[in-house]
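Asks: The residues making up each chain are set out below.
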Amino acid sequence: MTLYADVPGVVETREVLGETTLVVDPARLVETCTYLRDEHGFNFLSDIAPTDYFGWGEPGVAGYIGTASGRDLNAPGSQGLAQVPPPKPKRFSVSYQLLRVGEDPTRLRVQVWLDDGESIASVVRVWPAADWLERETWDMMGIPFDSHPNLVRLLMPEDWEGHPLRKDYPLGGEPVRFSDED
Amino acid sequence: MTRVLPSTRIYEGTRIPSPIPTILEVDAEEHRLEDVLTVNFGPNHPSTHGVLRLVVDLDGETVVGIRAIIGYLHTGFEKNMEAKSWWKSVPYPARVDYVAFQANELVYVLAIEKLLEIGVPGRATWARMALAELIRIHSHLIWLGTSALELGAISLLWYTFDDRDEILDLVEMAGGTRMHTRYFQVGGLAEDIPPGFTAEARTFCDAMLKSVDDYEGILDRNAIWLERTRGVGLLSADDALALAQSGPMLRASGVNWDLRKNMPYLAYDEVEFDVPVYPNGDVYDRYKVHVDEMRESVRIVRQCLDRLDETSGEPWIADDRKVVLPPRHELHTSMESLIHHFKIVTEGFTVPEGEVYLAIESPRGEAGCYLVSDGGARPWRVHFRAPSLAALQATATVVQGCLIADLIAVAGSLDPVMGDADR
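Protein chains in written order, with our numbering: chain A, 1 to 182; chain B, 1 to 423.
Calculated from the structure, these hints are not laboratory results.
This structure is a prediction, so every number in the text was calculated from the model and none was measured.
Just to be clear, a hint being listed does not mean it is correct.
Below are the PhoX-like pairs computed for lysine-lysine, each with C-alpha atoms no more than 25 Å apart in a straight line [as the list claims (entries may be wrong)]:
1) A:Lys-88 to B:Lys-84
2) B:Lys-322 to B:Lys-114
3) A:Lys-88 to B:Lys-261
Please construct the entire structure, taking both the sequences and the accompanying hints into account.
Replies: Written out as structure tokens, the structure reads:
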């Protein structure tokens, strides 16, 4: 815990399953990341993983079946949650998986929380590897990155509408060509 | 070569283009723009290792600008997996990196096991390691065969695919199908390693070492191969780390980094092997890393086979009836087993609420898996860290100043699998 006490902008430190997560103030993300790279030696950005918590702990959302209140074993098809998961502070989380390549290899997760429409600063200047990872985050989740040099879609076509990995984006939502609905 | 003001560089001496690290733009001061020809490679081009599209700016025969465009194989695996139960989503990861299928399956089940905090029997661990290393050889063989093919050494492809077939036979023996086996289960293996597997695998190991020597003999004495791979596609150690390169890419740039050694998982800290590292960061060194790694993988496989023989008859899947299917024979006699079987297949098992990131050394480098569970029977979020995506980000750095003919060799040396990059 005290290992990262000197890191600026940290709101909360969690240690679960042997993994350390620093929840960071989105406004100070670049400052925090630069500090972690220069002072703590996290020279390797493994991954940027955005998550949409829309409908977290509620019934009837894509990716989730069951009842919010608990698991009723007597009702058929009601495989729900044994308990309602603790609420999340905002709709989206963006997790930066950092790695220290060299002596004392360590992993660290830097996490920021955002609401729909909020943007965060780009860390391309800190780790160039963030370029496509941030583009993918924008493409899939619709989280914009300020000062990203080239924020366009990465995987979906340029004229695609919507951000497919959002929870409110339907599975199989592609329009069928030459159908009656056209 | 692009000339950019030093102040916009990320650090002194880097070749990574700026401000966009993945796009090499034509420098209007160095080249007359009316001389620059823009050529489109792919996405359906026989030498691009799948549906990679490269938009290349040429001045004469020299590459002065490049843009890699991906997404043509985007399949929405991550979205699909959110709609399946944990149990039913296990086949998906093998389709992500379809050349190193067991490696992706492994990282997914390991991540679920970490969330579940479930122990795996030793025999399953050794079988997983043996298959993961066989798949590393499989993936490197495909890389070697196709890379040599692209530079005109056609015969090598037939030899490497012959050996690849032997590996697929072994995979079929263990898992029942040649590819995408779903053999690794949460808690262990789908079935025990069959009798005779270790003997067959030993025969293969002996033959494989001879084959690797042959491949090296074919290429290392080939003047064309040497001329076309040495000093081409340079990537420095600092640039490789900044661009998050991993696996053979990183080790060919002189960085001694292998997750199996530096952050061991499974039982890699109990086997003996060396990590090949080469200093020059060119295509030739990447080839040497791949070839040496095949030998090291054979070493690991042999040690795993010894341990598999020692653990013969021991359990190969965890004894946790809430997660693992009960043994088939119990279904005829035990009501509880039948209920457990029914519940796991229809509703799936639940995974405690939480998030986890776990990475393994796949043939292409760090293959990671980020999972979020809400405590229910389905993953809330699955995200894969794709080593191919990272490798392709280095395209603009490694091709700087190379000739159009070398572009094929350089792009091939990144070892991208488009299913992995696009997911």
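Asks: State for each hint whether it applies.
Replies: Results of checking the hints against the structure:
1. At roughly 23 Å between alpha-carbon atoms, Lys-88 of chain A and Lys-84 of chain B fall within 25 Å of each other, so this suggested pair holds.
2. Note on Lys-322 of chain B and Lys-114 of chain B: the hinted pairing holds, with a Cα-Cα distance of about 16 Å set against a maximum of 25 Å.
3. A hinted pair counts as satisfied when its Cα atoms are at most 25 Å apart, and Lys-88 of chain A with Lys-261 of chain B does not qualify at roughly 37 Å.
The structure does not agree with numbered hint 3 stated previously, though it agrees with all others.
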